[in-house]
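Using the working numbering, read the sequence shown as starting at 2 and increasing by one per residue.
Just so you know, these hints were derived from the structure itself, not from any lab.
Don't take each hint at face value.
In silico lysine-lysine, BS3-like type, Cα no more than 27 Å apart, as pairs [to be verified]:
| id | residue 1 | residue 2 |
| --- | --- | --- |
| 1 | K83 | K11 |
| 2 | K116 | K83 |
| 3 | K83 | K13 |
| 4 | K11 | K118 |
| 5 | K118 | K166 |
| 6 | K76 | K116 |
| 7 | K11 | K166 |
| 8 | K124 | K13 |
| 9 | K13 | K166 |
| 10 | K166 | K76 |
| 11 | K83 | K124 |
| 12 | K11 | K124 |
| 13 | K76 | K124 |
| 14 | K124 | K166 |
| 15 | K118 | K76 |
Have a look at the derived ranges for each label pair, beta carbon to beta carbon [claimed, not checked]:
| id | residue 1 | residue 2 | range |
| --- | --- | --- | --- |
| 16 | R105 | V66 | 25 to 35 Å |
| 17 | S120 | Q176 | 45 to 55 Å |
| 18 | T89 | T135 | 36 to 46 Å |
| 19 | T153 | G68 | 44 to 54 Å |
| 20 | T111 | D91 | 23 to 33 Å |
C-beta: ideal position from N, C-alpha, C; glycine also.
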Amino acid sequence: MSCGCCELIKTKRVMCEEEVTFPGSFPLCPITVANDPDDTTDQFTVDPDVEGTSNILCTGCDLEVNGCVITVTVKGFLLDEKLTLVGTGDDMGLTQEVDIPIARICEQHTFTLGKCKISDACKENLQCQLFSITAENAATATLSGTGNNEITITQTISNIQLTIKINQEVQLLVQLCSNTGGRVTINPT
């Protein structure tokens, strides 16, 4: 079967990718919640442990090409969390779900990419993309308020690692199908 059909498509060509670590640690604003464990009239009497998941998202990036050197500015991060306070010691068995508002880490940082070198001919239509974002979240909960009727949660985000991918938007002429029948002869040299 043979088709002579071709299509012009637009796609992203990966120019390079590099893993980077965001330097420093970022304390978040403390959050105070009522000391009100789920499904019970009891309260925590000792500082509970904090368990849960944190999803970290990047708010975007900008790139600049100077000569053959690429610098990428990461604009900041959003943190979306689902936390549970878990009783320890005499409070074993007590839990409390905590609704955490989305937090924003507004720190910007500029990275010079060491592995990525772009020639002058390939500098048009470049875009940065951030993915595989990981971080460490150290969270502690402390009883507070009058009569320990509140719990203050403090957090520090650190070791933010991510992969920066530099893409170039290109248009390609693609043949949709080719001759699949026939015979191939290999001549020894």
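Do the hints match the structure? See the list:
1. K83 - K11: Roughly 39 Å separates the two Cα atoms, so the pair is violated.
2. K116 - K83: Violated - the C-alpha atoms of K83 and K116 are around 37 Å apart, more than 27 Å.
3. K83 - K13: At roughly 35 Å apart (the allowed maximum being 27 Å), K13 and K83 break the hint.
4. K11 - K118: With Cα atoms ~23 Å apart, K11 and K118 stay inside 27 Å; holds.
5. K118 - K166: Given that 27 Å is the threshold and the Cα spacing comes to 12 Å, the pair holds.
6. K76 - K116: 21 Å, holds
7. K11 - K166: 18 Å, holds
8. K124 - K13: 14 Å, holds
9. K13 - K166: 11 Å, holds
10. K166 - K76: Holds, at about 15 Å.
11. K83 - K124: 42 Å, violated
12. K11 - K124: 17 Å, holds
13. K76 - K124: Holds - the C-alpha atoms of K124 and K76 are around 22 Å apart, at most 27 Å.
14. K124 - K166: Holds, at roughly 15 Å.
15. K118 - K76: 22 Å, holds
16. R105 - V66: 25 to 35 Å: 28 Å, holds
17. S120 - Q176: 45 to 55 Å: Given range 45 to 55 Å: violated, Cβ gap about 27 Å.
18. T89 - T135: 36 to 46 Å: 27 Å, violated
19. T153 - G68: 44 to 54 Å: Given range 44 to 54 Å: holds, Cβ gap about 50 Å.
20. T111 - D91: 23 to 33 Å: 50 Å, violated
Hints 1, 2, 3, 11, 17, 18 and 20 from the list above are not met by this structure, while the remaining hints are.
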